[in-house]
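In full-length UniProt numbering, the protein residues as written are 1 to 491.
There is no bait here: all hints are sound.
Here are the computed lysine-lysine pairs in the BS3-like style, where the Cα-Cα straight-line distance is at most 30 Å:
#1 LYS473 - LYS415
#2 LYS238 - LYS209
#3 LYS209 - LYS237
#4 LYS300 - LYS118
#5 LYS375 - LYS415
Listed next, with one range per pair, are the computed distances between beta-carbon atoms:
#6 LYS363 - LYS47: 40 to 50 Å
#7 ASP314 - ASN342: 26 to 36 Å
#8 ASP179 - ALA21: 24 to 34 Å
By construction, these hints were calculated from the structure, which means they are not laboratory data. All residues carry an ideal CB built from backbone N, CA and C; glycine is no exception.
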Amino acid sequence: MGADAAPESAVFQHKGKARFASKFVSNPNIAGSLNDVLKGSNPEVKKAVSQNILSGFAADVLLKNWDVVGLEFDNILVTKDKKAIRIDNGSAFLSRAMGERKSPASLSELDEIQGLFKPSVNASYAKIAAHAGCASIQDIPNFPQQVKSIVDLRNSGGTDSWRPLVTAWTPGMARRDQDAIINMLDVRTEKLKQLVASPSTQSTGISAKDMKKASGDLDDGIKLKTVIDEYLGPKPKKEDMQKIMQVYNGMVQKIIQHPEVANSDVFKLIWNNPNLLKEGDFEEINPHDTNPHDINSLFKVTDNLKESSDGEFDNCNKGEMVSTLLYTTGLSNKINTALSKNDVPTLNKLSPILNGVSSMIGKGPGYSGKTYRVKEHDGAVLQGFYNAYKNNTAINVPCFLSTTKDKGLARRWEKNKPNESDFTGNTCFHITVPAQVHANGNKARDITKLGEEEEEQEVLFNHHTNFVVTDFKNIGDNKIGNKYLISLTAV
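From just these sequences and the hints, can you work out the full model?
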């Protein structure tokens, strides 16, 4: 691990509950925590300790441990001879730092190769990398040897698999978890091995460091021409152009052949209609000119959404996540207008996104409880709700319906004291969602954790949901005009 060994620890059962214990070790050689070192004024000490931490970079990648350093640099102790001791590896293997399970798809992706160097992705680890003078794995002198040590350890079990070692180390672990860890380690070891074995980028032209940066920029969705201009200049060498084009074409093929692109209508739609990404607010997704790698950027954004949603959307595939992202950040008006007007050509074109959002809602869990919605409606729409109320008939809402769990929105609307962020309109809906309504398919899903503003507390109803109007009131007066309070129950 590029550090002194951490104290022995064990997971065991005590009084019917799983427990964790770590051996208490008194070590007079401990100088303090990593935080203490970073608060100090000696840059050489910071560099030496940081380089020692990065001598375990390959192991951190292997274990998919994003919390090596700790938010407050408290997961590592430092010895007097500037060696690092990792004392908290809670984010390794299958679980995140707080105990939630990582998504199965993420276990095979080496996002850490670039992510751990980026302050926007992992500020703590990136700070250590900066102190060590490393901007990528190309700058870690012993990285190939780190990977070789991992491969040698795997092979010490007598096979090309981690199974003998994992089963020996985890005798009390459930078989399915053992299998998941073994598969994760096998896949990640091979990817690390291939990474080290890839042809060198050294040349008399573009440096290895710049070639790595150029590859990273392409991977982040920056336009090919922009990358060439930045790293190769107006008269690039032929061999350097060939290198960047080889990387670019390889990445494009990787995206096209990705199972969730090749078998997903929504990604085919985006690939063939890149201007779709310009129809909404996609600053986070698409900071540069539109190009094929925007799909790669969408992959990363959706994976980050899954991570930040505490596993609530692990049952959704990339196509469903991207569809929901596109809907919520730019295409909701276009899709809902087409649904309300039964605009068949537009619905046919956008059907992959519409179906992806619908599938996300349908997978559930279905939301049950109260939700609220404020909207400006004209007389024809209000008449439809009133007729359904008087005739005791269900009314079908053709659009996706965005609502909130925030009862305060309804209270502020009734008192004519809205917040600046509140939706405004002449109608407020109080919507009841009984638990049994989801028996034949989920009608609504809480998507709060997919939104940038969690205070919106959004619950999204599927298109063509039926409602019964249980109350219809005009609570306005001559001073404020008509204000309609309508109560609905999903059926």
